[in-house]
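**Q** Protein chains in written order, with my numbering: chain A, 1 to 229; chain B, 1 to 362; chain C, 1 to 572.
Honestly, the hints are just simulated from the structure, not real lab data.
Among the clues, some could well be false.
[To be verified] Pairs of lysine-lysine, DSS-like flavour, derived with a Cα cap of 27 Å:
(1) 353/C x 127/B
(2) 257/B x 52/A
(3) 244/C x 472/C
(4) 472/C x 326/B
(5) 244/C x 257/B
(6) 453/C x 127/B
(7) 3/A x 263/B
(8) 107/B x 155/C
(9) 368/C x 127/B
(10) 52/A x 263/B
(11) 528/C x 368/C
(12) 4/C x 107/B
(13) 263/B x 47/C
(14) 308/C x 528/C
(15) 257/B x 453/C
(16) 528/C x 494/C
(17) 244/C x 326/B
(18) 397/C x 4/C
(19) 379/C x 397/C
(20) 145/B x 358/C
(21) 350/B x 102/A
(22) 308/C x 453/C
[Said to hold, decoys possible] A few chain C residues facing chain B, derived, Cβ under 7 Å:
(23) 8
(24) 16
(25) 39
(26) 45
(27) 60
(28) 115
(29) 145
(30) 166
(31) 196
(32) 198
(33) 460
Built from N, CA and C at the ideal position, the CB exists for glycine as well.
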Amino acid sequence: MGKIIEEIYVWKLPVRMYHWINALCITVLFVTGFYIASPYLNPPIGEAVWFKQMSVFRFIHFATAFVFIANYLFRMYWALFGHDRYARFAGFRPWSPKWWGKPFREQMASYLFLRPDEPSHVGHNPVAALTYFIFIFCGSLFMILTGLAMYGENNPGGFTDTWFGWLIPLFGGSYNLHIVHHSVAWIFPFYVILHLYAIFRHDIVDRSSVTSSIITGYKHRVEDEASLD
Amino acid sequence: MDKQQTYAEIFKARGLSRRDFLKFCGLTSVSLGLAPSLLPKVIHAMETSPRTPVIWLHGLECTCCTESFIRSSHPVMGDIVLNMISLDYDDTLSAAAGHQLEEVRRKIMKDYKGKYILACEGNAPVKDDGVYCLVAGDSYLNILKETAADAAAVIAWGACATFGCVQNADPNPTGAVPVSEIITDKPLVNVPGCPPIAEVMTGVITHYHTFGTLPELDRMKRPKAFYGTRIHDKCYRRAFYDAGMFVRDFDDESTRKGWCLYKMGCKGPTTYNACSKTEWNDGISFPIGSGHPCFGCAAPGYWDDGPFYTRLADVSFLGIDSNADKIGAVAVGAAAAGAAAHAVVTAVRKKKANGENEQLEE
Amino acid sequence: MAEKIVVDPIPRIEGHLRIEAKLDENNVIEDAFSSGTMWRGIEIILKGRDPRDAWAFAERICGVCTTVHALASVRCVEDALGIEVPLNARIIRNLMNATQQTQDHLVHFYHLHALDWVDVVSALKADPKEASRIAQSISPWPKSSPGYFKELQQKLVGFVESGQLGIFSNGYWGHSAYKLPPEVNLIAVAHYLEALDFQKEIVKIHTVFGGKNPHPNYLVGGMACAIDPNRNTAINIEVLSMVKKIIDETITFIEQVYIPDLIAIAGFYKGWLYGGGLGNYLCYGDFPENSIDDASSLLWPRGAILNKDLSTIHDVDPLDLNQVTEEVSHSWYTYSNGDDKGLHPWEGETNPKYTGPKPPFEFLDTDKKYSWLKTPRWKNNPMEVGPLARVLLAYAKGDAMIKDTVDMVLGRLNVGADALYSTLGRTAARGIECLQTAGFMKHFYEQLIDNVKAGDYRTANTELWDPSRWPKEAKGFGYTEAPRGALGHWIHIKDGKIEDYQIVVPSTWNASPRDASGAVGAYESALKGTPMADPEKPLEILRTVHSFDPCLACASHVFDMNGNEIIKVTIV
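Using the sequences plus the hints, can you model the full thing?
**A** Written as structure tokens, this is what we have:
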């Protein structure tokens, strides 16, 4: 290990909080969601009203979903108004050809072993940013909207149904919507594996303490790394 | 046919008392699920409206809707055809045949322009100029368009007319499409189900005639009065669902205990219909009540949501029949394998690089 | 110059049927052409699906004879996979089938067929007292007072005077072929309405065991309904008592209303004995008292009769590739090895190719292809299927109940057995059979009670429910006698999915167009030689066609067994 020559405070507390709440929510939503889709536990013993297994799972799923939504909205707020240089949207411009330029290509080339060294980024590298956008920003938004549309079915004509129920016919019907919600849920374990691998790998390759940074907030520069400038 | 009688006049003409008439109004409002306070309105409507002519067309269908309709217990079919509507054209029941029957249709279209109801059972194939359904030497597609032109409103009976039903299922060899895709400029009521419940069908007709308007519809143009909530929300087995007590095998104690059929593929949680409330054939039972999972016959596209006895539909993905969980598991497995492979390459590279460094240092 | 008339649509049937008839100078039908004018392609849709779901698709072929396709379908899947259903399931299926037969025949007689014999408007002239006297002389049915008929007549007068005749609009009222006196017409109208009210009661038996009607639910391996006399969450004695009550009422209605009406009406038409037709009859049989594979246990026997020869009963084997075949020489399909060659369902193919006139059109080109129905043949013979076939076969086999009832009806009408080979004979056979199936309902109910009493509550066999336990490939045949006749489903399962599915339906037998040799189908044969009183009002055609109880959605399901691409239809 090289010597730490600089500590950079990258992830502010709200970002770290968001990350861990989000991770917890996704795990809980995935596990409870799969129980709801296919109840895998043995039935409880006794009268049907004694222990409401499905109700409990559904309650946890819905309650967690609302925490997940609030957390998501907070992150959007923070990205737009947080004055946080490493957590804002400002730098993310996938519609601009320039954004797909040198930094993105260098990072991609590195991941594909087309160049020996590792480009250094303090915040999200461009490839990571794109991945987060697709899976976390879009994926979560999709799950939130479809989830709310289905939640609204519990109370037709109610608030949630009025605001989100219009999604149901777009998918052809309630059953299709359930299937789509269920299918898209699989992007999260897919994403988590890639995410974890990329994090651990960066720790080993460029020794920037990216793993611990999401707990402490600090990334490190070590002496044998190329300059950040 | 310039003389358009009201219900009250009809009752009088038949030698029935005002008391009979009021009783009829009362029963009608009960069957519509109306509050007693609305009864005077029902009576007024029945006293002042003429019997509405109904043209009932049959396209690609199996006639289960008509069969269901004649099973209505309140009001009963005899009452409907004699006292409530004037079912002037219906191939399944009409006495007239051939061109005499077609003559009736044209006459109603002319005499009651803009006032008759078009009830559609079945749907029209649009492929190949509609030759897969020919009526009176013309395509059903043409007849449907022609008859809809001057209708006051269109009622789409059953899964065929509303969402397409079995002939519309993949690969839809005849190009059968729902009525709503052909008739786009008329008020339309979708009454899905294969078939719809009898009392739901007659309820829609009576509602229109009583209030002079179509019943309030939801996003898919279904009357909220019957399709407002899911079967699941009113299911008497819901307690078992909530408790997590599920039938796992049709030959099992749990079936006799009446546990929830969710794990056997029940589509009650995603199907909007009145089965669990109104039930079938005068409230005798409904599919779940007789131990069979609902397969969602009132839901759009349910034929392609199979297999029926599982909650998770099969999908064809890259030419392979599979389902979301299998595809998801493969994708996650692939991600893990890819990460592992990437890690190996990274390690080899790093070792090589380190080796080179060491060599340089030496 | 021969006149050609067209009756399209034919009302009071299921589906879309067109009849074109050539008349000679005396207005006698010289030649007739029966054309099915709808096609849905359900078997194409069935391909690749889960065989356990097939019954639901197949059931949607027809909502009038609902249940029969589901029954044939579960039987063919069970046959392919070697599943034996529990005793209760077999009894319940028999009970549901008997329920269907009874209700269907009743509805057919009163609501689809009666108006061919009964003049509704004539009933306005009836004397209610005389109607009451006649009604009471033929039946102990209690609704027969002069007041009852008077009230009904008043209602009818009000209805007709309203000017909105509804379903009775533009009927052939006053047609000279109507022979009933006004009083009998009035009785028939009364029973039309009573039967309309009562038919919905019979099907409640389907709702008990299948959850709904039309289209009750079936299950591969048995029935999904649970039975347990000691639970309130399964079928118990309260529900069974309702079933019993319905059965008792049904038997009463058939005995006291249907059969007396049938005999009374037939009495006025026994001089009109046209419509005999082919004289060839085919039955697969139904109502197994033992395993479905044991054809000897069928309450309705299997067999064929040729040329009205009741002394020889031919064996029928639906699996024999040379017995049941279908050809398409006059149907809007093509076969790869020639349209004239009959193919057994196992090797059949169907490539739809419409070559008829572009709609709208006046006449079909009946020299060429003219129907969406194929032409099924048994050992190259056109066959009639349905109640008359079944009654004749049972009669020939010496079934005591059928023999007694047939002899009773013939005796009351004072006609010989030859009268059975007619439109009226077909209609009478349906009534006789209905009386029998109502009796079956009671028989099966008692069987069910005995079995439950013995402690057997099992309704489903799920040992082979999971497709992982299925053979890689399997073929099966399922059959039933639908109200309209012999129905067969042939399935080929491969890798847990439907590879091929083929259905040969009763109305395809009866309504088929002619074959390559020019031999006509049952409808076409029955119509030939019938004199028409007024070609403008083809009541006689309706009468004979209705006596077969056509079901066209069934008949025109035909499909492509090999899954060939549907060929683009060319309009000529």
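**Q** Quick one: which hint numbers does this structure break? Sort them smallest to largest.
**A** Hints 3, 6, 7, 16, 17, 18, 22, 29 and 32 contradicted; others consistent.
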